[in-house]
Amino acid sequence: MKFNTYASVAAFAIAGVLATGAAEARDQIQIAGSSTVLPYASIVAEAFGENTDFPTPVVESGGSSAGLKKFCTGVGENTIDIANASRKIKDKEVKTCAENGVSDIIEVRIGYDGIVFASDINGNSFAFTPTDWYKALSDKVVVDGKIVDNPNKTWKDVNGDFPAQPIMAFVPGTKHGTREVFEEKVILAGCEATGDFEAFKAANGDDKKAAEKACIALRTDGLSVDIDGDYTETLARIDSNKDGIGVFGLAFYENNTDKLQVATMSGIQPSTETIASGEYPVSRPLFFYIKKAHIGVIPGLKEYAEFFVSDEIAGPSGPLAQYGLVADPELAQTQEAVTAETTMGN
Amino acid sequence: MTDATLGSPLAGPARKKSSLLAVDALTKKRNASEARFKAYGVSAVVIGLLFLVALLWAILSNGLGAFSQTFIQVPVKLDKGAIEAAEKSIVKTSKYRAIINTGFRAELGRAGIDTGMDDRGLQKMMSSGAAATLREFVLANPDQIGRTVTFEFVASSRVDGYLKGRVKREDLINDKNLDAAHLDLIDAMRKADIVTKTFNWQFVLGTDASDSRPEQAGMGASMVGSFFMMLVVLMLSLPIGVAASIYLEEFAPQNWLTDLIEVNISNLAAVPSIVFGILGLAVFIQFAHLPQSAPLVGGLVLTLMTLPTIIISTRASLKAVPPSIRDAALGVGASKMQSIFHHVLPLAMPGILTGTIIGLAQALGETAPLLLIGMVGFIASNFPEGVGDGFLAPNSAMPAQIYEWAKRADPAFYERAWGGIIILLVFLMAMNILAIVLRRRFERRW
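Chains as they are written, first to last, in the working numbering: chain A, 1 to 346; chain B, 347 to 792.
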């Protein structure tokens, strides 16, 4: 223990010397957050560095929650300037931010991301509905008016039209923003569509929250596997278990079409067009959040935001759409808000 | 038990006459068990070697592709008007792309290749970094404007993959990034000698690239990051580690306090590295307010990790110096300090250096603590300007860069992750060989 102290003391001394040597203002934008937004942010950061005189911003990954937590630690040069998020900032996080002096936050919606269900390219094809996924993965389902442990073992048990392929689903782990969307737009939707929601509500004494919780609890008997890593891991799992069906981001699927086939949801083929039009049901908006206090302090911050949402970048024919982002039909409003530096709540 | 029946010469009248030349049952049994043990040993070694061969084969077969890259030669007319117009727009590189496209079309026309593709389709052949290459050239050589210059642009990852056999025709049915027409075009271009495949210096020396252009990504910047981190580790852990070991080994009194310290050092050497990462995040970034993602912080964290290793190996090599050396020095009137610094330390130096190099090699390959101090992501996109920047500007490290590539969607990044492993292994092997050479050349046996 003592050596650690020695080491840190010496380290501080050297660090101090170095830090004073280069104490001038940070000239590089620092971004952290969602690993879903990371590819888009890195594409923009690279183009920003090439097209302007500002240095290329650095983009860290780590997840929406981790990024927002970092974002809310305070204002100043050694805090990050922008947090990427694959979900909206929560009220609780806004409060934490305000407590730490981060009161003016600019919210920028960059577009939409589709969540797709894909399986091995040589396996069976599927046309899912939320109900199928609910019946396949929920911990408890209602059979003949009674709440029982999920008895379904194959997709044929779930829906007579499906082949008798064993259920094996790889879903994102709870630390991913994707999981929330999956629970809300697929499992919960299926729960409500089957009418099981009402049964859960009745069983929980009319408590809506508890009923929702019961709906989205996934089975724990090994047929639904939480993937805490990235989509690469999900892909590797499907590679080794050909019966597996995985949950992916649209962009990831489009980069791996040689290995994966995508299933339709409620009869709609996922694509940038169907997601932009809102026909494909499982999608979510992507955001980044800017600290207004840093605009003017960190060079290029506002320029970066404006560059990001410009038509050439985030528009339907820009590089982001090319990579798999679904362009926001209301991009013009976002551009105005960024230019005017409109903060949240105003 | 067998010994008892064998060993005693007074074992009684029942004892058989035995001959040294005739092999009796017991001897046979013992010889057989020896032979079996040898066979176990050999099979253990063989299994180990098989794993090694499988690992090396996997690394080389997956990673060697990253070291070659396809380039497309395109003569581009640097038209003054077009360049001025491009410089006025927001996304200048997209206009430069149009300039390249014009040149590319002309080149294809000259080779007699009919594409029938629109600009968007044609763009998929080349890395989107080509426009940046062109713009950089124009800004650096304004005197060339108006002339026609031949560039070697990086081909896109799919085109590159096709020429390397990674992308196959039958894979393209669902691929929106490329279709069969592109592959026909590549084949025609290869006949016309417009594409070349050469050693990929950009991969070894370049910076990281965004998800949309894996063909441009390189290890260079993260190598620089690793270098600065190792510099911090070396500068801190060698003097601190050696000073601590000399004190503990030669001067410190033997009491419960030094015993406690000793136990703690041994324990620290076994602490999982991610723990040091959390410590680094709490102490260096949140408390001491050092910049995020800086190699300095990475170096400090890795120093904490390396120190116990260096202290343990230094103490072992100090212990290995025979006491007669110390006694002789003290006997001719040297002070304790003189005896240590003039006699003991120089003799222990090869061992200390070996331990340090092994410790550094371990630190070089460490990823886990770097995850927590923000060195994973799209970080290594700039080379540092100068030494101060090298320590403080955000950068990544080699293993962190490999980890990041392995996560990305495009299969070309996967290939690059394996390629990165090859580079990292080369460094680790070089360091270990250096350690072995040092030990062989300078170590003295007593």
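These are computed hints drawn from the structure, not numbers from a lab. Glycine is no exception: its CB is placed at the ideal position from the N, C-alpha and C atoms. Honestly, I wouldn't trust all of these hints.
What the hints assert, rightly or not - Straight-line Cα separation of at most 25 angstroms, DSS-like style, residue types lysine-lysine; simulated pairs: (1) K213(A) to K242(A); (2) K242(A) to K95(A); (3) K69(A) to K441(B); (4) K92(A) to K242(A); (5) K426(B) to K70(A); (6) K259(A) to K423(B); (7) K95(A) to K259(A); (8) K140(A) to K153(A); (9) K470(B) to K259(A); (10) K242(A) to K441(B); (11) K470(B) to K302(A); (12) K242(A) to K90(A); (13) K302(A) to K434(B); (14) K140(A) to K70(A); (15) K259(A) to K753(B); (16) K470(B) to K374(B); (17) K209(A) to K88(A); (18) K423(B) to K441(B); (19) K384(B) to K423(B); (20) K92(A) to K140(A); (21) K242(A) to K753(B); (22) K753(B) to K470(B); (23) K90(A) to K213(A); (24) K156(A) to K140(A); (25) K69(A) to K259(A); (26) K514(B) to K753(B); (27) K259(A) to K213(A); (28) K375(B) to K259(A); (29) K292(A) to K88(A); (30) K441(B) to K426(B).
To be verified - Listed below are several chain B residues computed to face chain A (Cβ distance under 7 angstroms; list not exhaustive): (31) A478; (32) K510; (33) G511; (34) S556; (35) L627.
Each hint, compared with the structure:
1. Proposed proximity of K213(A) and K242(A) is contradicted: the alpha carbons are some 31 angstroms apart, above 25 angstroms.
2. A distance of roughly 46 angstroms separates the Cα atoms of K242(A) and K95(A); the hinted pair therefore is violated under the 25 angstroms criterion.
3. Among the hinted pairs, K69(A) with K441(B) is inconsistent with the structure: their alpha-carbon atoms are about 39 angstroms apart, more than 25 angstroms.
4. For the hint linking K92(A) to K242(A), the alpha-carbon distance of about 42 angstroms lies beyond 25 angstroms, and the restraint is violated.
5. Between K426(B) and K70(A), the direct Cα distance comes to roughly 47 angstroms. Violation of the 25 angstroms bound is thereby established for this hinted pair.
6. Between K259(A) and K423(B), the direct Cα distance comes to roughly 41 angstroms. Violation of the 25 angstroms bound is thereby established for this hinted pair.
7. With a C-alpha separation of about 44 angstroms, the suggested pair K95(A) and K259(A) falls outside the 25 angstroms cut-off, and the hint is violated.
8. For a cut-off of 25 angstroms, the pair hint linking K140(A) to K153(A) stands: about 13 angstroms separates their Cα positions.
9. Between K470(B) and K259(A) the CA atoms are separated by roughly 21 angstroms; this keeps the pair inside 25 angstroms, and the hint holds.
10. A hinted pair counts as satisfied when its Cα atoms are at most 25 angstroms apart, and K242(A) with K441(B) does not qualify at roughly 45 angstroms.
11. Between K470(B) and K302(A) the alpha-carbon distance is near 31 angstroms, which puts this suggested pair outside the 25 angstroms criterion.
12. For the given pair, K242(A) sits about 38 angstroms from K90(A) by alpha-carbon distance, which is inconsistent with the 25 angstroms threshold.
13. Taken as a hint, the K302(A) and K434(B) pair is honoured in the structure, with Cα atoms around 19 angstroms apart against an allowance of 25 angstroms.
14. In summary, the hint linking K140(A) to K70(A) is not supported, as the alpha carbons are separated by about 37 angstroms, beyond the 25 angstroms threshold.
15. A C-alpha spacing of about 16 angstroms is found between K259(A) and K753(B), which places the hinted pair at or below 25 angstroms, so the restraint holds.
16. This hinted pair does not check out: K470(B) and K374(B) have alpha carbons roughly 74 angstroms apart, beyond 25 angstroms.
17. Distance restraint check for K209(A) and K88(A): the Cα-Cα separation of roughly 20 angstroms lies within the 25 angstroms cut-off, and the hinted pair is therefore satisfied.
18. For the given pair, K423(B) sits about 14 angstroms from K441(B) by alpha-carbon distance, which is consistent with the 25 angstroms threshold.
19. For the hint pairing K384(B) with K423(B), the CA-to-CA distance comes to about 73 angstroms; that exceeds 25 angstroms, so the pair is violated.
20. Between K92(A) and K140(A), the direct Cα distance comes to roughly 31 angstroms. Violation of the 25 angstroms bound is thereby established for this hinted pair.
21. Taking the CA atoms of K242(A) and K753(B), the gap is near 21 angstroms; set against the 25 angstroms cutoff, the hint holds.
22. For a cut-off of 25 angstroms, the pair hint linking K753(B) to K470(B) stands: about 23 angstroms separates their Cα positions.
23. About 19 angstroms separates the Cα atoms of K90(A) and K213(A), which keeps this hinted pair within 25 angstroms; it holds.
24. Taking the CA atoms of K156(A) and K140(A), the gap is near 18 angstroms; set against the 25 angstroms cutoff, the hint holds.
25. A distance of roughly 36 angstroms separates the Cα atoms of K69(A) and K259(A); the hinted pair therefore is violated under the 25 angstroms criterion.
26. Distance restraint check for K514(B) and K753(B): the Cα-Cα separation of roughly 23 angstroms lies within the 25 angstroms cut-off, and the hinted pair is therefore satisfied.
27. Of the pairs offered as hints, the one joining K259(A) and K213(A) is violated, with about 34 angstroms between alpha carbons and a cut-off of 25 angstroms exceeded.
28. Between the alpha carbons of K375(B) and K259(A) the distance comes to roughly 57 angstroms, so the proposed pair goes past 25 angstroms and is violated.
29. Our distance criterion of 25 angstroms between C-alpha atoms is met by K292(A) and K88(A), whose separation comes to about 18 angstroms.
30. Between K441(B) and K426(B) the CA atoms are separated by roughly 13 angstroms; this keeps the pair inside 25 angstroms, and the hint holds.
31. A distance limit of 7 angstroms between C-beta atoms decides the matter here; for A478(B) the minimum to chain A is near 4 angstroms, and the interface restraint holds.
32. At a threshold of 7 angstroms, the smallest CB-CB gap from K510(B) to chain A is about 14 angstroms, leaving the interface hint violated.
33. Checking G511(B) against chain A by beta carbon gives a least distance of about 13 angstroms; that is not within 7 angstroms, so the hint is violated.
34. Among the interface hints, the one on S556(B) holds; its C-beta lies about 4 angstroms from the nearest C-beta in chain A, closer than the 7 angstroms criterion.
35. Checking L627(B) against chain A by beta carbon gives a least distance of about 10 angstroms; that is not within 7 angstroms, so the hint is violated.
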